[in-house]
Amino acid sequence: MNDATPDQSSNIVHSDGVRIIALLRIWTLFYRRGVVRFMRFWVESLLGPMVSTMLFMTVFALALGPDGEMVPGLSALQFIAPGLAVFVLSQTAFQNVCFMLIIDKQEGVITDVLMAPLSPIELLFGYSLAGIANALLVAILLLGAMTVFTGPMLYSFWATAFFAISAALLFSMIGVVVGLWSDKWDQFSLVDNFLVLPLGLLSGTFFTLNRIPENWQWLFEANPMFWIISGFRYGITGYGSVEDLIWQGGILVCLILIMVACGWLLFKRGYKIKA
Amino acid sequence: MCRMALIDQKLTQIAPRTIGRVNTLGLWTLYSREVKRFLNVFTQTLMAPVITTLLFLAVFALALGGLGRTVGGVDYITFLAPGLMMMTMTQNSFANTSSSILIAKVQGNIVDILMPPLAPWEMALGIAAGGITRGLMVGLTVFFSMMLFLPISLAHPLSALWFAINACMMLALLGMLGGIWAQKYDHIAAVTNFIITPLSFLSGTFYSIDRLPDAWVAVAHFNPFFYMIDGFRYGFIGHADGNIMVGAILLPVVNLVLWFVTHRLITTGYRLKA
Chain D
1 MNDATPDQSS NIVHSDGVRI IALLRIWTLF YRRGVVRFMR FWVESLLGPM VSTMLFMTVF
61 ALALGPDGEM VPGLSALQFI APGLAVFVLS QTAFQNVCFM LIIDKQEGVI TDVLMAPLSP
121 IELLFGYSLA GIANALLVAI LLLGAMTVFT GPMLYSFWAT AFFAISAALL FSMIGVVVGL
181 WSDKWDQFSL VDNFLVLPLG LLSGTFFTLN RIPENWQWLF EANPMFWIIS GFRYGITGYG
241 SVEDLIWQGG ILVCLILIMV ACGWLLFKRG YKIKA
Chain P
1 MCRMALIDQK LTQIAPRTIG RVNTLGLWTL YSREVKRFLN VFTQTLMAPV ITTLLFLAVF
61 ALALGGLGRT VGGVDYITFL APGLMMMTMT QNSFANTSSS ILIAKVQGNI VDILMPPLAP
121 WEMALGIAAG GITRGLMVGL TVFFSMMLFL PISLAHPLSA LWFAINACMM LALLGMLGGI
181 WAQKYDHIAA VTNFIITPLS FLSGTFYSID RLPDAWVAVA HFNPFFYMID GFRYGFIGHA
241 DGNIMVGAIL LPVVNLVLWF VTHRLITTGY RLKA
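Chains as they are written, first to last, in full-length UniProt numbering: chain D, 1 to 275; chain P, 1 to 274.
Source of the hints: derived by calculation from the structure; they are not laboratory data. Every residue, glycine too, gets a C-beta built ideally from N, C-alpha and C. Please note: incorrect hints may appear among the correct ones.
Ranges of calculated distance between the beta carbons of each label pair, as one might list FRET restraints [unchecked claim]: (1) D:GLU69 to P:HIS221: 43 to 53 Å; (2) D:PRO117 to P:ASP186: 29 to 39 Å; (3) D:PRO72 to P:ARG271: 54 to 64 Å; (4) P:ILE103 to D:VAL148: 30 to 40 Å; (5) D:LEU154 to P:LEU161: 43 to 53 Å; (6) P:VAL219 to D:ILE246: 23 to 33 Å; (7) P:LEU161 to D:ALA261: 49 to 59 Å.
Once the Cα atoms are required to be at most 25 Å apart in a straight line, the calculated DSS-like pairs of lysine-lysine come out as [stated by the list, open to error]: (8) D:LYS105 to P:LYS105; (9) P:LYS184 to D:LYS184; (10) D:LYS274 to D:LYS184.
Please model the entire structure based on the sequences and the hints provided.
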């Protein structure tokens, strides 16, 4: 079974033994390389995003003062907290995967990974799962820390989990595509600065849509980050319309599938990683 | 024979260049290298900070303004704009000098700066001036792009300029110290994440410090960013939270101290020379 070429190995997963080995391969790439890496750099990968997000919350708390509900039943901070947490989650997923891929490419380590008997789908999930794990960990820690400002909140565990995992999956897949495409850090920071950050900031994290002029609202409603944030906020606080969330969740799943397919195709072709 | 004479003549013409008290050509070369370094990737070093600042302004204005909220006697957004401008300027000055030195150290091309006949003070000045230039360029770009959306007026332009230059200089020098001290990118990321960003966020950019509990007002007065932002904002709206003279004098004094420390480190070659 170990003789199988990388391209075929995923198609011959029939017996349990082989399946376990396939999982072992993903585990090795995911855990030994990805998780160990971000835990080693926990100051940047966990503490950094946490400190800056908590600073944001502090600044908002001070700037807002004690007054004001953002929406009926929720204080402004309670409204902002879930959105901020899931935005940081998405950004972390994206950055982590990009960092791993770009560093591996620049240092030439990627050949070691490509030489191992890993199928494209295993490569894809090996890389992205580490980013997903990092992102989910940051979000859980953040939600815990944010209770200082908001008090404990959780409305629907399943909605929260669904939107958190969707966000992490979607953005880690975007991370794979951008990471493979980037020859230098310039391309990565181009996407980070001009796509991920604007998507996150102009998404209703910090305000409700009725603060926006009518003819601009479509711009927000068409933003996947807006769906993620609304869904996640619904899961945490129970604010939002379930009807909207169902179709938004549906489109998210489709988007994720498209991005998985893109990532898989790039790894299969060896785009910019195989000679 | 005639040809030989010509060659002789040429040889005497390229005698060693004498350098006066100041190596002006060397200083200028180092400075223009620093400027070209960031202009080469201007999407990251100029555009990105400008876009991010404008987004911040939009987000905070939408989230907090709009309800007739006023701070220090002006609209919230008018209060916020100068602070954001200053935050971006300082962050970019710091990023420019710290990354310039650190990248040179990691890649090993720091010797190209250490080898030429540049005095330590010339090296410090060339690099710091590059950082100040980037800070001021980002500041000006943000200023003009904000003018498209906001009626920005300058109450005391000279005061704004004084604080802008001093703030950029302070962060450029701090960036040099950081870059000299750091041995890996992680080190400088840690300084940025855990020192520079918190100090600049908790400086009164987003709120007036009389919002703070009394004990914290005293703490805020120990934050140099508070004086930079307060003084710079005074230049725009003509109103300051603290005493503007304190900042106007304190910042150059701190800069002088930082300058001596930087100069000392470069002279001794701390973490720069083997």
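- [ ] Note whether the CB distance of LEU154 (chain D) and LEU161 (chain P) lies within 43 to 53 Å or breaks it.
- [x] Because 51 Å falls inside the window, the suggested range holds.
Task: Status of the given 54 to 64 Å range, CB of ARG271 (chain P) versus CB of PRO72 (chain D) - done: 57 Å, holds
Open item on the list: I want to verify a distance hint. Is the separation of the beta carbons of VAL219 (chain P) and ILE246 (chain D) within 23 to 33 Å?
Closed with: Violated, at about 48 Å.
Open item on the list: Checking one constraint from the list: CA of LYS105 (chain D) to CA of LYS105 (chain P), max 25 Å. Satisfied?
Closed with: Roughly 22 Å separates the two Cα atoms, so the pair holds.
Task: Hint consistency between LYS184 (chain P) and LYS184 (chain D) [alpha-carbon to alpha-carbon, up to 25 Å] - done: 19 Å, holds
Open item on the list: The hint says 29 to 39 Å between PRO117 (chain D) and ASP186 (chain P); measuring C-beta to C-beta, is that right?
Closed with: 33 Å, holds
Task: Given hint LYS184 (chain D) paired with LYS274 (chain D) - CA-CA distance at most 25 Å - done: 17 Å, holds
Task: Range hint 49 to 59 Å (beta carbons of LEU161 (chain P) and ALA261 (chain D)) holds or violated - done: Cβ of LEU161 (chain P) to Cβ of ALA261 (chain D): about 55 Å, so the range 49 to 59 Å holds.
Task: Beta-carbon spacing of ILE103 (chain P) to VAL148 (chain D) - inside the hinted bounds 30 to 40 Å or not - done: 38 Å, holds
- [ ] Return holds or violated for the Cβ distance of GLU69 (chain D) and HIS221 (chain P) against the range 43 to 53 Å.
- [x] Check failed, 33 Å falls outside 43 to 53 Å.
In terms of the numbered hints stated before, the structure departs from hints 1, 6, listed from lowest to highest.
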